[in-house]
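If you read the sequences in order, they're chains A and B. Reading the first sequence from the start, the letters are residues 1 to 698 in the UniProt record's numbering. Reading the second sequence from the start, the letters are residues 1 to 698 in the UniProt record's numbering.
Watch out, some of these pointers could steer you wrong.
Any copy, or any two copies together, can satisfy a pair, since identical chains are not distinguished.
In silico lysine to any residue, SDA-like type, Cα no more than 25 Å apart, as pairs [unchecked claim]:
hint: 1; residue 1: Lys598; residue 2: His664
hint: 2; residue 1: Lys63; residue 2: Pro175
hint: 3; residue 1: Lys141; residue 2: Ala174
hint: 4; residue 1: Lys188; residue 2: Thr162
hint: 5; residue 1: Lys582; residue 2: Ser496
hint: 6; residue 1: Lys467; residue 2: Arg535
hint: 7; residue 1: Lys35; residue 2: Asp226
hint: 8; residue 1: Lys480; residue 2: Glu16
hint: 9; residue 1: Lys261; residue 2: Ser622
Bear in mind the hints are in silico, worked out from the structure with no lab data behind them. On a predicted model such as this, the values are computed, not experimentally measured, just so you know.
Protein chains: 2
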Amino acid sequence: MQNICNMPGRIISEAEGYEILKDAGINVPKFGFAKSEDEAVRAAGYTGYPIVIKISSPDISHKSDVGGVVTGIPDQESLIREYNSLLSRVSEKMPDAQVTGVLIAEQVSPGTELFAGGTIDPSFGRVLSFGTGGTLVELWKDISFRLFPLTPEKISGMIDETRASSVIGGFRGAPPLDREALLDMLGKLGDLFEKRDDIVSFDINPLILTESGVVAVDARFIIDDDVPEPKVEMPEKFCTSEAFLSPKSIAVAGASATPGKIGYFVFQNLLEFEGRLYPVNPKRSEILGVKAYDSVSELPEVPDWLVICVPAKAVPAVLEDAGKSGVRFAVIISAGFRESGEEGRLLEEEILNIARKYDLCFAGPNCLGIMIPGLRLNATFGPKLPQPGPVAFLSQSGAIISAITDSGLVADTGVSAVISLGNQADLKFIDYMRAMERDPQTKAVVLYIEELKNGRKFVESVKKIIKRLPVVAIKAGRSKKGKIAARSHTGSLAGSWEIYHEAFRESGIIPAMSLTEAFETGGLLASEGWPKGNRAVVVSSAGGFAVLSADYAEDYGICLIDLDDDMKEELDSFMPSGWSMKNPIDMIGDAGVERYAKTLDMLIRYQDRWDIAYVAAAPVTSIDPVRLAKETVVFSRQTDKMVVGCLIGGEGMAPGVKVLNDNHIPNFSELESAFRATGLALRAAEEIMSFENAGETK
Amino acid sequence: MQNICNMPGRIISEAEGYEILKDAGINVPKFGFAKSEDEAVRAAGYTGYPIVIKISSPDISHKSDVGGVVTGIPDQESLIREYNSLLSRVSEKMPDAQVTGVLIAEQVSPGTELFAGGTIDPSFGRVLSFGTGGTLVELWKDISFRLFPLTPEKISGMIDETRASSVIGGFRGAPPLDREALLDMLGKLGDLFEKRDDIVSFDINPLILTESGVVAVDARFIIDDDVPEPKVEMPEKFCTSEAFLSPKSIAVAGASATPGKIGYFVFQNLLEFEGRLYPVNPKRSEILGVKAYDSVSELPEVPDWLVICVPAKAVPAVLEDAGKSGVRFAVIISAGFRESGEEGRLLEEEILNIARKYDLCFAGPNCLGIMIPGLRLNATFGPKLPQPGPVAFLSQSGAIISAITDSGLVADTGVSAVISLGNQADLKFIDYMRAMERDPQTKAVVLYIEELKNGRKFVESVKKIIKRLPVVAIKAGRSKKGKIAARSHTGSLAGSWEIYHEAFRESGIIPAMSLTEAFETGGLLASEGWPKGNRAVVVSSAGGFAVLSADYAEDYGICLIDLDDDMKEELDSFMPSGWSMKNPIDMIGDAGVERYAKTLDMLIRYQDRWDIAYVAAAPVTSIDPVRLAKETVVFSRQTDKMVVGCLIGGEGMAPGVKVLNDNHIPNFSELESAFRATGLALRAAEEIMSFENAGETK
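Excised from the complex, chain A in its bound form (with noise of 0.2 Å):
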């Protein structure tokens, strides 16, 4: 599973590899090493026949592949005729490879073939893996990912979630395999992996488990003797000031009267903004205006923000005079730092200790800046303000950010605050979404990610957070071609997409393909909050909505519950004949307003049946959208369970969608993405929602 070629250290013979899995109480079969064909008859004494026996060479680390191995030897006389012509078959297949021996090991009984492996992430550090093994193990492609720290509950957890679990807990009739040693080793070798620090990976495979015991068969260490420094933590720097998500002044170095000029987009933008604004420059009097100070501390107050837009040289020195005058906060949009070489990594280490020094906190460098719709703040130096609203917006890309402000995605549910992060040189994702935890406006957090810096700690943030914030987020620079366009764009080594997958499993993050999945799914959550369940009901006069969102459903493990009889009598009652008689509930074409509405009423009477509810209508005649939604309307508010309109049409049923938007209710104008959305939430929840059970059981 490892690309050997691009990773440091070297790899240790097998024999080495099954001292330090004995030493660390891990089962191995047994063993030794032959330089001679003496050597390996006197091995196979003590291991006892049949054997098998592997070619030992750091250049080969696909042992099968050039024949370096052969299995289920039964006697002596076969040993030495197999041992000359293992050498000489490798020898002729790779004539370069330096062969250290023979290894001879005892044959172990078959058993279910597993794998086991561990390696470091650039963003999330050590990872465990686990999966079903064998010749084939690249080809099923079962593998399960779990960040370190582990604990028994996520061991468990990433065997469950392999299909090797199916044959662990005994398939189809078959008598259960020793899941308690596998457990076991899984924790033992977690447990060597995060002691030793000059293991840089590591594969085991087969690991052979059987109804009573596992074993590791073959195993690869990658060691490092250069143990690299252990990364310098960064201290917890997080913009405590109370004034972080609603200045009342904000200054602008750099503000500019100059059309074109960045610190003239950025201030223009700013005169909007409700609180005191302050242009610095000590060219100007004024500007556009307002009248302009020569530097930060000669203004008449200390501004809750300062703005900077001044060429890259030149920040240092307003960094310098805001700290001393006592600016706690400052969003940098110049650019000229680390993405532009090595001068600009040097400046941007001089502004982060300057920052240091005075306890002041900054956002950027290198960013679109930052904007809060509902203090018509917007100090950045492209995009209108969006609507106010509650879904925050953190993004590593400026371009996206003008994309989306722009777009229909915002403008029905609306946006808390965008922030561009930039180069992230001081304040990171995770220092964003604890202020927007405390914000009273957002009520669930948009990511676009194409890096994350210290990815261990921002899980165990974000853990701490996600169920009072729901986040959703994007992870570009998934692909390998993503990765290295990502790396040309921000600098920065990405780690794997299924390791990022994992940890924002572990966090309760929403993962999303797209910017229009992570909008609707984040509008979905900021107005109805987590799904308390995934037990649903579809209501629908369109007899090709039942249809499609029962297969939707099924896509995204959403569970259409079976009316019970006293509902379907209850509905019976006033349906005419040919209704579905189930859920999803079709009430058929001719079905009006009226019947909608008592099909609701119903469903409020035995909410405790069902979490989510889907209202889904198509523009047609028997329908008036606007009566719907109030009926919808007046649904939604006699339950917390969560209520998704799916009033699907364009101008037909725009005034309908418009009284769902008023009234906070989300509407999807595709079927599909209403079940994807709230199967993604529902996915996230229930992961919530077992760290809930993990910490009962503490």
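Using the hints provided, position chain B relative to the given structure of chain A.
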């Protein structure tokens, strides 16, 4: 894989199954059948040791689950012991099972375990399946399907599609297995299944494949002695009237002046029609200002279309009168036929017979009607006419037509025709599609399918038109609950989604999961035609879009080409330092339209090196969207390769998007959708190319 509870027929014994296979020339183990210890010993004398014994009972489908299989019996003593303990185990676990005896079979040497099966799909008839076998078959779900009639190419393709094919080809240095023997066996199984009308389904699991041969080890056949009558092939009933999609005159039987009545809505909608319009209603002399006639036969001309909105019971008389008068095409909107029960079914048969008698064909009954926006023709009782355009929509759900015609999905691209299929008593999907093929307005078709009648014929017919006319289809009722919902909604029995999916693949139809996806992909193909290959370039000034593009390209199987040195040099001559130097071509955030224009100009000169170009931009200050759109139009006019606009935003981008729309260049406001739609088109295009190749080799 078979849910035997719902199947007609009976399971035959494994010994009978072996006989059937042997007769078909398929390799099976040596075997015998025993009803006593003595017979078992005698049978083993014939097969030779080691042997396998298996319980034989029509009541036990999963023998291993009840301990009904013992393998590796080495000698007579063990046989006697195991024979008796097998019988007692089974009678303990399933005391009520009728045991007919014990199969004694040669133990087959180990090899790769595969699986093959056959089933009869209600829509598509006989289907062969193949995949990874063994006890974990249901865990791995590594399976492919092919519809009959089979060809050697199809069988070969179904092997290639599975992950098992990697093992068969010799995975990771292992010797390749006997693919020829496997092909031969699958061919023989296909022949057997085609010839034997009484075989309802079969499963062979495992097939054991080695380097030199294949054996069918475990066989289960379900036989139905009451062979169902072969379905009467519907005579090919295609509306050949030239007037079909360009009627000049329309009569409306049941036209009404009473608001709220269907005949009122339909007639009112038709008032816009550009041709001649005749209300037929014996009770009125005029309707909504138009002179009315007592009957069709009294009209001053034979109308090209007759739209029927009279109550179901009155339809036969109207149709008879129309047939006598020489009407060739009718749209029967009236409900109350097959969907309403037995009486309705008989009525439906009656109108079908009348139509046959007069060589008249009809749409419906029980449908919303038909729209042809280009003629201002709205023969429906609901929605408003959408804009004319190149995409035709054929739907089995009327409500979905209402939603779509109202929605933004067709607002930009426009629609050539909308057809509500209703009960499909006469005209079916393929009939309309053939008409669309001849329609110069229609460039792509979107289908909403709940059930296909005679799917095999559908597949054969679609293959003939798909190159000229791309088709995108949503199959609703994919899930178990969805299928049930569809059944109650349309009274039809739908086949399984896997089989539909395979039928779509074979036909070249693009499978869409949502209406949005379907119309986005249909719109793309209507303007750009089939892609010519999968080599793509992305041009963007937004770093985030470059990163996401690379991800989506990988997700959807689109190959982002490496830029050759000459291309890079040209770009480098005008790009600022820091541009990506690779594809996706990230031109840096400050790029204006000029830089886009130069890059597109370079791409035109190297247009032999790519097949798809994505032009992506966010609404940023440096870009004038109208100018960018105009440059994209110029670019697109110079190539017949696929050009995809990704001007992403809302109001800010709208003027640019309008320019693209007006010039028939597709635009996507979500990057993922652009890649998904092109990826879907590409998969189907590759399928269509492979038909061409297959054709050439014949």
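Hints the structure violates: just list their numbers, smallest first.
Hints 7 and 8 not satisfied by this model.
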